[in-house]
Amino acid sequence: MTPPTFFDFYSLLPYIILTVWACILLLVDLYIPKGRKGITAVLAAIGIAVSLGYSITQTGIEARGFTDMISLDGFSTFANVLLLASGLFSIALAYGYTKRMGIERGEYYTLLLFSLTGMMLMAQASDLIIVFLALELLSIPLYVLSAISRKLQSEESGLKYFLLGAFASGFVVYGTALIFGATGSTNLSVIFTQAASVGTSNLLLTIGAALLLVGFGFKVAAVPFHMWTPDVYQGAPTSVTAFMAAGAKIAGFVALFRVFATAFPSIASNLTDILWALSALTMIVGNLIAISQTNIKRMLAYSAIAHAGYVLMAFVPYGNETVSATAVAAGLFYLAAYALSNFGSWAVVIALEKSEGRGLGIDDYAGLAKKYPALALCMTVFMLSLIGFPPTLGMVGKFYLFRSAIAGGFTGLALIGVITSLISAYYYLRVVVNMYMKEGDPDVEREPWLGLTTSVTAIATVVVSFVPQFLFLLAYTAVLR
Amino acid sequence: MVPIEYYIILSVILFSIGVAGVVFRRNPLVIFMSIELMLNAANLAFVAFSSVLKSFEGQIFVFFVIAVAAAEVAVGLALIVEIFKSKRTIDVDQLNSMKE
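Protein chains in written order, with the numbering used here: chain A, 1 to 481; chain B, 482 to 581.
No lab work stands behind these hints: they were computed from the structure.
Treat the hints loosely; a few may be bogus.
[As the list claims (entries may be wrong)] Simulated coverage check for chain B against chain A, where a stretch passes if three residues somewhere in it have a Cβ under 8 Å from a Cβ of chain A: (1) 488–499; (2) 511–523; (3) 545–554; (4) 561–573.
Every residue gets a Cβ at the ideal spot worked out from N, C-alpha and C, and that includes glycine.
Work out the full structure, taking the sequences as your base and the hints as a guide.
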């Protein structure tokens, strides 16, 4: 056993900064008077920004730390930057919202930072022990955050998320145990060499990998493991929901890809069909149920499920070496595009939300365009991006995804993707129709950070769609090879 | 020495009982106990594999699982108590304030 070196710690630098900052913040928060917890929010945002800065300086550096338990590479750096940016957006959304809803507490931001560290660790883990720890570090603060407003719906959402999340981690742990039994190690690269030698017929290994997939399927809300999503997303405070929808999804997918691409390419032939079915089911069920929703939070929850299906599409050809790099780059690109439209649309939802859950019906958006044309325009951009309609980032992302699915020989899956996107236009456009063509008198909270988030994400969604190559190139260079 | 298969079969049985408990029971406390059973089934498998493979990694994992399970208990029980305070029941079938 060698003692850790400087490079071991360097590979975890953004993570260490954030953890230490969160611990200090927990103490500092004690001296910040009640009602001025906005200071805590700003301090937390500074911590994330510092960590983001260091994370960006790690671009292009590859290292392995702590006897190969942690890896730092382009993939983890891309994910870290994406996650830290999501963290910044989450704090911007929470700043005014928590005050308005009377749930402004210092713990909110500390818990958010801890959850964010878990998400980042998911991207860097190269050992199943770390994957499990990161998964729990991500989840446990999120359970508390969902229940933080202490209203019945919020508590209910917290309990449901907790029970299903713990259930999912049971699958992850048992899957890991079987994989350990089959290969004698929990290290991803050792598993890879062992798995290649035991072949595709090893039952323990295949069942273990499938159980891991079930566990992660719960985390990223893939059908049929999605039952918790609508209730949890609806009941949790909206600022938490936005964080959960983007952050937990990115982290889940990043870990899923890291584990499957590093450890299990040899049993891809066993898993491709399962992934195909998961992806197709998720797209179909998510989009179909979303049609009948009248509550915007519930609708966006089903939309989040559907989008998990689109990203899963990038995983289907993971065993095929010629296309997997492009496919995963498309997946990363789509996650970035989804995160932007996601935060934008949740910001608009927060702007219209009133206390006691009023202002959340899709009918409440009637007349928004007349009274607040800029906000309605932004919401239209996000809805179009979620459909995949030009000129938005969502359209480019879907184009890359479908292209890579076809290149991998999964034309049927791409076709399902196109058809479900068309179906999704119905319920996304209903919001737009309500805003522009119906009479109503909506009331909007004007908060500077909320407005900033809305406009930044809307502008980025449109502008980047004209120069998507640079983002795709970033994602492509980030992919593990 | 007891063959490894016995341990694995026992752990599969325990895991299945745990999954069945989560799916069929309606009391969050019982569901939670079932989840613990799933985790401990995995622990059993880890220790059994670990002794056969002469590797310590499995045993280390068990300690992590135990520690994390303890953290989960702390959060989970707090949530259940909070729900009971505001609703006076913890039956998961009655936690349906968000059904349309």
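Query raised in the report: Are 3 or more residues of the stretch 545–554 of chain B near chain A, judged by a Cβ distance of less than 8 Å?
Result: holds (count 5)
Requested in this report: Three residues minimum, CB to CB under 8 Å: does the stretch 511–523 of chain B make the cut for coverage by chain A? Let me know.
Outcome: holds (count 7)
Report task. Verify the coverage statement for the stretch 561–573 of chain B against chain A, using a C-beta to C-beta distance below 8 Å and requiring 3 or more qualifying residues. Result -> holds (count 6)
Query - Three-residue Cβ test at 8 Å for the coverage of the stretch 488–499 of chain B by chain A - result: Since three or more residues must qualify, the claim that chain A covers the stretch 488–499 of chain B holds, with 4 doing so at under 8 Å.
In summary, the structure agrees with every hint in the numbered list given earlier.
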